[in-house]
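Between the sequences and the hints, there should be enough to build the whole structure, so can you do that?
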Amino acid sequence: MSINTGRRTFLKTTALAVSVAMGSLAYAAGAYALGDPEKEDLKFGFIKLTDMAPLAIAYENGYFEDEGLYVQLEAQANWKVLLDRVIDGQLDGAHMLAGQPIAATIGYGTKAPVITPISMDLNGNAITVSNKTWKAMKPNVEMEGGKPKHPISAAALKPVVESYKDEGKAFKMGMVFPVSTHNYELRYWLAAGGLNPGYYAPHKGDSSGTLDADVLLSVTPPPQMPATMEAGTIEGYCVGEPWNQQAVFKGIGVPVISDNSIQKNNPEKVFGLREDFYEKYPNTTIRVVKAMIRAAHWLDAENNKNRPAAVKILSKPNYVGADYKVIANSMTGTFEYEKGDKRSEPDFNVFFRYNATYPYYSDAIWYMTQMRRWGQISEQKSDDWYKDMAKKVYRPDIYKQAVDELVADGTFKKSDFAAVYDTDGFRGVQDDFMDGIPYDGSKPNDYIDSMKIGLKADKQL
Amino acid sequence: MNPLKWGLIEPFYKLAIGEDRQGQVNTIIKMVGLPLVGIFFFLMLWQAAAVNINTSLGQFPGPVQTYEQFVSLQEEAQAEAVKEHKFYERQEERNARKLEKNPEAEIKVREYTGPPTFFEQIWRSLVTVMSGFILASIIAIPIGIVIGLSSNAYSAVNPLIQIFKPVSPLAWLPLVTMVVSAVYVTDDPTFDKAFLNSMFTVLLCCLWPTIINTAAGVATVTQDLKNVSQVLSLNWWTHVRKIVLPCSIPMMFTGLRISLGIAWMVLIAAEMLAQNPGLGKFVWDEFQNGSSDSLGRIMVAVIVIGIVGFFLDRGMLILQKAVSWDKSSDIR
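One line per chain: the protein sequences are S and R, in this order.
Per the numbering used here, residue 1 is the first one in the first sequence, and the count goes up by one each step.
Per the numbering used here, residue 1 is the first one in the second sequence, and the count goes up by one each step.
Source of the hints: derived by calculation from the structure; they are not laboratory data.
These figures come from a predicted structure and were not determined experimentally.
Be aware that a few hints might be false.
To be verified - List of simulated lysine-lysine pairs, DSS-like, C-alpha gap at most 27 Å:
1) S/K172 x S/K456
2) S/K80 x S/K39
3) S/K149 x S/K135
4) S/K39 x R/K86
5) R/K193 x S/K80
6) R/K98 x S/K43
7) R/K193 x S/K280
As the list claims (entries may be wrong) - Chain R is nowhere near these chain S residues, computed Cβ spacing over 10 Å in every case:
8) Y59
9) V71
10) Y108
11) V141
12) S207
13) Q224
14) N283
15) A309
16) S378
17) K381
18) D384
19) D416
20) G428
21) K443
22) Q460
To be verified - Computed footprint of chain R on chain S; a stretch qualifies when at least three of its residues, placed anywhere within it, have a C-beta under 8 Å from a C-beta of chain R:
23) 39–50
24) 63–70
25) 79–92
26) 245–257
C-beta atoms are modelled at their ideal positions from N, C-alpha and C, and glycine is treated no differently.
Dropping the structure here:
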């Protein structure tokens, strides 16, 4: 027995040594291990939000060109158009909501195999309410040194929603897409404060997500949020930057919580592309990921020292286009809540730190737990189903090839990517949510059942 | 074509050679002075209104801010041209290195990948509207002639025209988009889908006025002429070529002019709605940007759209006058 084990270990070690040797042999030839890109002209879509920055930077700093790629970046009207255009091939890839490739793969909405080899950022969203709503909820907010104590719970909003109910009116809020981070974050915040944001029932053809709702949530494209709230159609919204700071600058609303306070360092946008694009053009895909990793690194390098330069690029009309000062507010480490209440938020937007670019399976599974919680996944699934789906969509294997290349050609050190070389794709138990409920990505069903508001176990509406 | 006889130059020329001084001065005042007075009062009103409108993006842009934005758009275009130049330089270098490594490598020169400038957007819109318009005319004129000649064909087609004519071409847009996506599938497309979507939407709105006016023009061929044709026993083709076409051309151009006017309006709306490149997209993008310059830039686009529309219409008017028999009629 012991001899056997010893031999097996020996064999394993030898095999490992050989493969490592062969690997380094391949890299000895320099950066040429990776073949030329199969497709050089690419068109990527994005939505006007600061978290599209890695794409803009990879273009402006010439990282795409370094990979022999000629990339065109094109702003899209809304998330649905963007996804459709990726699926039908008008776009080769896009800045996407993390939920989009997952929903497309499991078939909620348009069914199509969309994958993601790289996560684009952490955090970057906030929830904003109109001035009127803020005035009504402020008396319920705990104060600290003359300023509201953060994070503000939705419990402070509850009496306001109830007063609307008493008058027979609906309290409406906006989010950007049914499977958006923003939808889940807004729902998480509302539910943590005791408000039910409503359920979806796709098996009955109900895709409005307002069954049993205390607060009615509806879809509005990000750049239109401030205008929609100004028009009085919604009383608040959850959206990415700069559209919360825009509300402050315009004097029409007050951000009440940033998503970093709902879940610390939550995964945000991803880069999505069709699975068959990767199969057809693997070198191109790996090169795209390489360029984006470099861009993300540049964005966070040396304590955000490049951020002002990044903001200048983002404020160009063909990218985000909002005023420099509006974008700078959140991108350079601060965030303004109530007008004048500017607070330090060094991690409001994270592009590289904390393994921000690594596509963790557990992040994909968290999104699916929220889809199940609110009924978008209408029936109970096994834990294995969640893992299988996550592995279909999130592709750390592609990410790792890109990192290997970057390490081989000397752009980075292995130590820059701790996550890549010693992870099984799961972050481990996370207990940094505002309601204190811990999340273990390997046990999605237990997690779903631990939620106070939301569908549980085999419950179907 | 004597340039001295052109409307704009004639009075100045006559004034210079001293012919009917008072008359020429009156003409010039009417032709140049009064429009200037009109424009001046408009600018005053605009300025006065603008300072009183406060939006959440700042004050509504007056003529001065609009002009400033026009200048800044020009500067941006120049900066972009520099970047474009550098892009090609880098590309050449890269291609040279590639060839050095492998002399048989396939080299391709790529178009600049940067964003289109404002002036490129104008050009793009013009190309789109003209493509759609010309294609529509090629379809509509023969149909108009056939239904104008035959009352049976007219009865058959007329209900369809009446039903489709009032449909806003923007209602067609989703259908056009889906059909183009499904049908136009190639690996190396000559036209991009967005261009085709805009063009077919324009085409669908250009058809009806041209068909109706052509048919009406054909139907106005007088009995005398028809008799002549019969006496000479002209065959059908010669009859159309020698009698029908010349008679109906003025009406046909009336239809074409209406079509082009509608096409321009529809194109801008289609571009806004479908995010297809062009002036419409420029306006929508600026609206979405929500920067403090946005309103001024939209105003620049509005004025440019108006001016382009004006020139398109003048162009068609000149053509219409040139082909119209009745030179005494006052077409404007």
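Hint by hint, here is what the structure shows:
1. For the given pair, S/K172 sits about 25 Å from S/K456 by alpha-carbon distance, which is consistent with the 27 Å threshold.
2. Annotation: proposed proximity of S/K80 to S/K39 holds, straight-line Cα distance about 26 Å (limit 27 Å).
3. A C-alpha spacing of about 15 Å is found between S/K149 and S/K135, which places the hinted pair at or below 27 Å, so the restraint holds.
4. Restraint check: the Cα-Cα separation between S/K39 and R/K86 comes to about 22 Å, which is no more than 27 Å; the hinted pair holds.
5. Taken as a hint, the R/K193 and S/K80 pair is honoured in the structure, with Cα atoms around 18 Å apart against an allowance of 27 Å.
6. Between R/K98 and S/K43, the direct Cα distance comes to roughly 23 Å. Compliance with the 27 Å bound is thereby established for this hinted pair.
7. Restraint check: the Cα-Cα separation between R/K193 and S/K280 comes to about 22 Å, which is no more than 27 Å; the hinted pair holds.
8. Its beta-carbon lying about 8 Å from the closest one in chain R, S/Y59 breaks the requirement of being farther than 10 Å from that chain.
9. Distance check for S/V71 against chain R: the nearest CB is about 6 Å away, which does not clear 10 Å, and the non-interface claim fails.
10. At roughly 21 Å from the closest C-beta of chain R, the C-beta of S/Y108 stays outside 10 Å, upholding its exclusion from the interface.
11. At roughly 25 Å, the least C-beta separation between S/V141 and chain R is larger than 10 Å, which holds for a residue marked as non-interface.
12. Against chain R, the non-interface label of S/S207 holds: every CB pair exceeds 10 Å, the least being about 19 Å.
13. With a least CB separation of 7 Å from chain R, S/Q224 falls inside the 10 Å interface cut-off, contrary to its annotation.
14. Every C-beta of chain R lies more than 10 Å from that of S/N283, the closest at about 15 Å, which supports listing it as non-interface.
15. For S/A309, the non-interface assignment is confirmed: its Cβ lies about 16 Å from the closest Cβ of chain R, beyond the 10 Å cut-off.
16. Residue placement check: S/S378 keeps its beta carbon more than 10 Å from all beta carbons of chain R (closest about 28 Å).
17. With a closest Cβ-Cβ approach of about 33 Å to chain R, S/K381 is found to remain outside the 10 Å limit, as its non-interface label requires.
18. Distance check on S/D384: its Cβ is at least 37 Å (rounded) from any Cβ of chain R, clearing the 10 Å threshold; non-interface status holds.
19. The claim that S/D416 is not at the interface with chain R holds, since no C-beta of that chain comes within 10 Å of its own (minimum 27 Å).
20. Every CB of chain R is more than 10 Å from the CB of S/G428 (nearest about 40 Å), matching its label as outside the interface.
21. No beta-carbon of chain R comes within 10 Å of the beta-carbon of S/K443; the shortest separation is about 42 Å.
22. With a minimum CB-CB distance of about 33 Å to chain R, S/Q460 clears the 10 Å threshold, and the non-interface call stands.
23. Counting residues of the stretch 39–50 of chain S whose C-beta lies closer than 8 Å to any C-beta of chain R gives 3; at least three are required, and the coverage claim holds.
24. Coverage of the stretch 63–70 of chain S by chain R holds. Counting CB-CB distances below 8 Å, 3 residues qualify, and the rule asks for three or more.
25. A stretch counts as covered by a chain when three or more of its residues have a beta carbon under 8 Å from one of that chain; for the stretch 79–92 of chain S and chain R the count is 3, and the coverage holds.
26. For the stretch 245–257 of chain S, the proposed coverage by chain R is satisfied: 4 residues have a C-beta within less than 8 Å of a C-beta in that chain, meeting the threshold of three.
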